[in-house]
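Peer 1: Sequence:
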Amino acid sequence: MASSEQLRVGSDNACSHGVDIVRVGGKYKLREWIGSGSFGIVYRGINVVSKEDVAIKLEPIDAEFLQLDYEHKVYKHLAGGISIPAIRWFGTEGDYNAMVLQYLGPSLKDLFNYSNRTFSLRTVLLLADQMISCIKHVHSRHFVHGDIKPANFLMGVGDHDHQVYIIDFGLAKQYRDPKTHLHIPYKENCPPTGTAPYVSINNHKGVEQSRHDDLESLAYILVYFLHGSLPWYGVEPAVNKQQRNAIL
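Quick note: the sequence shown uses full-length UniProt numbering, first residue 1, plus one each step.
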């Protein structure tokens with residue numbers, strides 16, 4: 001797992017970012033800082049026994065909104081799909097919840113920027129095929145992702161460097177009952193979630209997300225990859241109904 005900072009991490013380490021632990025799960029040593037977000041900090045790490053590179057996601061146990069345990073449970077539901085990074089360990093270490101994952105390469109956001117914000121039609125079609133498969137697997141396990149964006153699709157490494165993976169399930173939700181397959185009830189007046197440029201129209205309107213919202217967000221990504229921008233790129237997210245109507 002990586003982010004746009006992956007190729008710029010340099011010698012950053014855990015201590016330089018205020019993290020007072022150097023190892024989790026006994027054998028996973030923190031190395032370079034990869035990035036930070038609203039739900040935690042991500043480091044590149046190494047299994048000191050097998051020498052396997054890993055990604056280590058940390059969340060302070062006193063965070064206002066604890067997210068990592070839920071995300072870990074979603075990963076367990078999705079396990080087995082070729083597009084889902086494998087979990088190596090999950091638990092608490094010191095003042096942090098920690099999740100250790102299979103290490104991946106750059107995100108599609110990274111690659112797009114490295115390519116001068118231009119992808120050929122062939123590249124977009126090849127990516128679309130794999131991205132659809134990623135989302136299809138998530139949906140097959142009764143979840144919607146809820147935050148489809150270029151930064152949440154990563155390439156593999158080594159023998160899997162042409163494989164697209166999907167990550168970051170902190171906003172994922174079940175859209176149907178796993179036993180009965182009955183869809184959740186239609187619901188309005190929900191706060192929009194996700195990343196503004198790729199949010200679906202219904203999401204902007206406050207309708208709870210379902211499968212088609214993931215696919216609509218994917219369509220916006222593909223247009224973005226082809227043209228380098230979207231007509232509404234840079235518009236601030238709406239915070240009330242009047243602003244939503246103005247945007248739409």
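Read the hints as simulated data drawn from the structure, not as lab findings.
None of these values were measured; they are calculated from a predicted model.
Any given hint could turn out to be false.
[Unchecked claim] Keeping only pairs whose Cα atoms sit at most 35 Å apart, straight-line, the calculated DSBU-like set for lysine-lysine is:
1. Lys205 / Lys76
2. Lys109 / Lys76
3. Lys136 / Lys179
4. Lys51 / Lys109
5. Lys73 / Lys29
6. Lys136 / Lys205
7. Lys29 / Lys205
8. Lys173 / Lys109
9. Lys136 / Lys173
10. Lys76 / Lys136
11. Lys27 / Lys76
12. Lys187 / Lys109
13. Lys29 / Lys136
14. Lys73 / Lys205
15. Lys27 / Lys205
16. Lys29 / Lys76
17. Lys109 / Lys73
18. Lys73 / Lys51
19. Lys187 / Lys136
20. Lys29 / Lys187
21. Lys29 / Lys179
22. Lys76 / Lys179
23. Lys27 / Lys51
24. Lys187 / Lys173
25. Lys51 / Lys179
26. Lys29 / Lys51
[Claimed, not checked] Listed next, with one range per pair, are the computed distances between beta-carbon atoms:
27. Asn116 / Tyr186: 37 to 45 Å
28. Gly206 / Tyr233: 16 to 24 Å
29. Val22 / Leu226: 22 to 30 Å
30. Tyr114 / Pro231: 33 to 41 Å
31. Tyr186 / Lys51: 25 to 33 Å
32. Asp95 / Val223: 15 to 23 Å
33. Leu66 / Val22: 16 to 24 Å
34. Asp159 / Glu32: 16 to 24 Å
35. Gln163 / Gly94: 30 to 38 Å
36. Pro191 / Val22: 12 to 20 Å
37. Val48 / Glu188: 27 to 35 Å
38. Val49 / Pro178: 33 to 41 Å
Yeah, the Cβ is synthetic: ideal placement off N, Cα and C, and Gly gets one too.
Peer 1: For every hint, state whether the structure bears it out.
Peer 2: Now the hints, each set against the structure:
1. With a C-alpha separation of about 31 Å, the suggested pairing of Lys205 with Lys76 holds against the 35 Å cut-off.
2. With a C-alpha separation of about 26 Å, the suggested pair Lys109 and Lys76 falls inside the 35 Å cut-off, and the hint holds.
3. With a C-alpha separation of about 19 Å, the suggested pairing of Lys136 with Lys179 holds against the 35 Å cut-off.
4. For the suggested pair Lys51 and Lys109, the alpha carbons sit about 28 Å apart, so the restraint of at most 35 Å is met.
5. Restraint check for Lys73 and Lys29: the C-alpha separation of about 23 Å stays at or below 35 Å, so the hint holds.
6. Between Lys136 and Lys205, the direct Cα distance comes to roughly 24 Å. Compliance with the 35 Å bound is thereby established for this hinted pair.
7. For a cut-off of 35 Å, the pair hint linking Lys29 to Lys205 is broken: about 44 Å separates their Cα positions.
8. Simply put, Lys173 and Lys109 have alpha-carbon atoms about 24 Å apart, close enough for the 35 Å limit, and the pair holds.
9. Among the hinted pairs, Lys136 with Lys173 is consistent with the structure: their alpha-carbon atoms are about 15 Å apart, no more than 35 Å.
10. For a cut-off of 35 Å, the pair hint linking Lys76 to Lys136 stands: about 17 Å separates their Cα positions.
11. Taking the CA atoms of Lys27 and Lys76, the gap is near 21 Å; set against the 35 Å cutoff, the hint holds.
12. At most 35 Å may separate the alpha-carbon atoms for a hinted pair to count; Lys187 and Lys109 meet this at roughly 32 Å.
13. Distance hint between Lys29 and Lys136 is fulfilled; the C-alpha atoms sit about 34 Å from each other, no more than 35 Å.
14. Annotation: proposed proximity of Lys73 to Lys205 holds, straight-line Cα distance about 29 Å (limit 35 Å).
15. Distance restraint check for Lys27 and Lys205: the Cα-Cα separation of roughly 47 Å exceeds the 35 Å cut-off, and the hinted pair is therefore not satisfied.
16. As the CA atoms of Lys29 and Lys76 are separated by approximately 23 Å, the hinted pair is consistent with the 35 Å bound.
17. With a CA separation close to 26 Å, the supplied pair Lys109 and Lys73 stays within the 35 Å bound.
18. Between Lys73 and Lys51 the CA atoms are separated by roughly 26 Å; this keeps the pair inside 35 Å, and the hint holds.
19. Of the supplied pair hints, the one linking Lys187 and Lys136 holds, its CA atoms being roughly 23 Å apart against a limit of 35 Å.
20. For the given pair, Lys29 sits about 44 Å from Lys187 by alpha-carbon distance, which is inconsistent with the 35 Å threshold.
21. Between Lys29 and Lys179 the alpha-carbon distance is near 40 Å, which puts this suggested pair outside the 35 Å criterion.
22. About 17 Å separates the Cα atoms of Lys76 and Lys179, which keeps this hinted pair within 35 Å; it holds.
23. The hinted pair formed by Lys27 and Lys51 meets the criterion: a straight-line CA distance of about 10 Å does not exceed 35 Å.
24. Restraint check: the Cα-Cα separation between Lys187 and Lys173 comes to about 14 Å, which is no more than 35 Å; the hinted pair holds.
25. Among the hinted pairs, Lys51 with Lys179 is inconsistent with the structure: their alpha-carbon atoms are about 40 Å apart, more than 35 Å.
26. Pair hint Lys29 plus Lys51 holds up; C-alpha atoms about 10 Å apart against a cutoff of 35 Å.
27. A beta carbon spacing of about 43 Å between Asn116 and Tyr186 agrees with the range 37 to 45 Å that was offered as a hint.
28. A C-beta distance of roughly 22 Å is found between Gly206 and Tyr233, which places it inside the suggested range of 16 to 24 Å.
29. For Val22 and Leu226, the Cβ-Cβ distance of about 44 Å falls outside the hinted range of 22 to 30 Å, so the restraint is violated.
30. Between Tyr114 and Pro231 the C-beta distance comes to about 24 Å, which lies outside the given range of 33 to 41 Å.
31. Taking the beta carbon of each, Tyr186 and Lys51 are about 51 Å apart, not inside 25 to 33 Å as hinted.
32. Distance hint for Asp95 and Val223: a CB-CB separation of about 43 Å, inconsistent with the stated range 15 to 23 Å.
33. For Leu66 paired with Val22, a C-beta distance near 23 Å keeps the hint of 16 to 24 Å intact.
34. The hinted window of 16 to 24 Å between Asp159 and Glu32 holds, with their beta carbons roughly 23 Å apart.
35. Distance hint check: the CB atoms of Gln163 and Gly94 are about 34 Å apart, consistent with the given range 30 to 38 Å.
36. One distance hint, 12 to 20 Å for the beta-carbon pair Pro191 and Val22, is violated here, with the actual separation near 38 Å.
37. At about 51 Å, the CB distance of Val48 to Glu188 disagrees with the hint of 27 to 35 Å.
38. In this structure, Val49 and Pro178 meet the distance hint of 33 to 41 Å, their C-beta atoms being roughly 36 Å apart.
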